[in-house]
Amino acid sequence: MQNYDFIIAGVGGQGTILVSDIMVEVGLKVGYDVKKSEVHGMSQRGGGVESHVRWGKKVYSPVVEKGKVDYLIGLEMLEAARWATYLKPESKVYVNQQKIFPPTVNTGEARYPEETEIEEQLSKRASSFEWIDAHERAKELGNQALAGVIMLGRLAKNFEIASEIWLEVIAELVPAKFTELNKQAFLVGRD
Amino acid sequence: MKKLLTGNEAFAYGAYLAGVKVAAAYPGTPSTEVIQNCAKYDTIYAEWSPNEKVALDVAIGAAYAGGRALCAMKHVGLNVAADSLFYSSFTGQKAGLVVVNADDPGMHSSQNEQDNRNYAKFAKLPMLEPADSEEAKQFILLAYEISEMFDTPVIVRTTTRLSHSRTIVDMDDSQRIVASTEKVEFERNPGKYHMVPGNARRRHTVVEEKIRKLAEYAETFAYNVIETGNYEIGIVTSGVAYQYAREVFPDATYLKLGMVYPLPKQLILDFAKRVKKVVIIEELDPFFEEYFKTLGIEIIGKDIFPIEGEFSPYLIRELASKAGLVSAPATEQPMNLELPIRPPMLCPGCAHRGIFYALKRLNVVVNGDIGCYALGGSPPLSTMHTSGCMGASIGVVHGVDKVGVKDRTVAVLGDSTFFHSGIHPLINVLYNKGVSTVIISDNRITAMTGHQNNPGSGKTLLGEPTEQIDLEKLVRGLGAQKVAVVNPYELDVMIKTLKEFMEYEEPSVIIARYPCVLHVKEKHPVPEVDLELCTNCGTCLKIGCPPLVKVENGVVIDALQCNGCGLCAKICPFDAIKKPGEQQ
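Chains A and B supply the protein sequences, listed in that same order. Everything in the first sequence is counted per this note's numbering, starting at 1 for the first residue and increasing by one. Everything in the second sequence is counted per this note's numbering, starting at 1 for the first residue and increasing by one.
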């Protein structure tokens, strides 16, 4: 049984925690030992949110070690870039094409990096890098908050885990009235 | 059944299994969810007390009366409750009493770093430290056994990482201990529970005896274990640091300590004899290290690992490799792109913003406090000049004013913080002929820790309606003559009141009241910037409201983030920001 380490990075309100909650539950369902760690104390106040998820035969640390992440999922471009040093040559990186400006960029004091710069930093450290237009696709589905689950659908293509398992967990974790939309979002990402 | 629980959820599940009757706390990151989850079990009475000392007294009383009780707080909360912790060590109790205490290495959400293992030694109490959620559950059950076996409170230590990580827990309700249905009767035993010197002297002997017996018990405690690997390196560790160490030293021999105080002397000596090198991996203070050194054991510890900050597998690998204990991690490619930081900010629409904008305009020295409003100190508002601990603002401003500085000064603290520890220093200002102005930023809820009810919100932890403590009547009742309740969105009134109150040669209190917009989910139509009128002067950007974005020819408002409070429209000197439907 192989070990997999994931980092999901975003900004408060983007659904980072939901994505990582789905991932640990799926891991548990398919028989992995799983652990998850996140720091979210100030996320409601516009700070970044990071979630570490680990699947394996036996998992010790709840946090992923720098230089060892298998999959980096960025729900926001700048937040994804922050985790560049956690990548290894075998890593795969998926980044949602969405920018959320931090306050110093809003006031013109700091510069938000160009997409090409972020791509360069991440792709040179990993085996693959993909932009995902999850933000646009989520808007098409009528709710921006679905971007995270679209990203999850893309990630799921890497694993031989039946869609039914992912969808079952989504149904368990999402409020009933949003279940269908989230299932749709997952399939948008997956297909 | 296996379930994923956070450490805090697992503590609450353990409390449920242990048949806990009363649980009390004051919210504080990272321990808040312990009591919130206790409240989900209808067999546990759970409450928010106004501060940690009150919460611990409540739990002590319940345990005196024969009901298993639990109290939870963050590391600094135990500073507030320390007085009660020390007497409870002397009295013991009839039923089990457990204090869940969360340290915050790395200060994810705290004003300081402190290692509360020191409290166990200081107050002569046993302390357990789980390393994952399954142990969090089990250690609560064990803690109640120990508490009743040795007639002592037991501290269960956690850290932010353990409290907020999700790991697998075996959910087995058959373990549940059901409290006896016999009528509870208070056992009158003043010799044990009434701590006047004569009684306390006798109890001190009992306490010393207790801690000696606990040290013997620690030798065979099932969770002080040696996990055998190779004998080149022997790692001594506890809590989440054990998990990190396992990643870096997969083949070493381990002494994993589930009871971090008192320590098992003989077990430690045996372990040290078995391995060639002893390496102690502990976050924060050299607590184990100092004990090992008293036993004359040569160790590697804080000479290579830091006292400050949170550990991680990478940090341990990096430092251990420098000391030649493991091979070095792969060389890091340094980041050569500057990434702007994303600090937390006052939320869009937050009423605290009006207060700090007014204070900034008047160039006031602000003695602040612990809560969301501490973000008033972040740029561009940058209007908080001191903050230290819960309730400090009022005592500090009184001291500043007594020195007679010429600057205009105020104290700013929240409603929940005022109930926690602001009342006494306000009494002090009134009693000692102070002149300070105190601003209670009253958003009707304990917002920072995730919207917990408090004595001013009219609801209990369980959401039941209750007496709502009236802040205005309270401060008037204490004797404050100059009291005003203002809406901080009404900037003109806010500024006028501030100016007037700061001139008074007597104490004054401004209750700046507006409910937390996140909590009441308030949203108004989003204003628009008329770029024809906007002169790009930057005034609106000075309030630090996240939806205001500078563009080439002015400022635009991000409609998704904006909650429509209209503060920016009020301060725009060119009337360029309009509410929808307003006349141009």
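Worth flagging that the hints you see were computed from the coordinates, not collected in a lab. Incorrect hints may have been included.
[Stated by the list, open to error] Simulated pairs of lysine-lysine, BS3-like, Cα-Cα distance not exceeding 27 Å:
no., chain 1, residue 1, chain 2, residue 2
1, B, K40, B, K121
2, A, K68, B, K256
3, A, K177, B, K3
4, A, K29, B, K3
5, B, K322, A, K66
Original post:
Any hints this thing doesn't respect? Which numbers, in order?
Top reply: When the structure is compared with the hints, only number 1 turns out to be violated.
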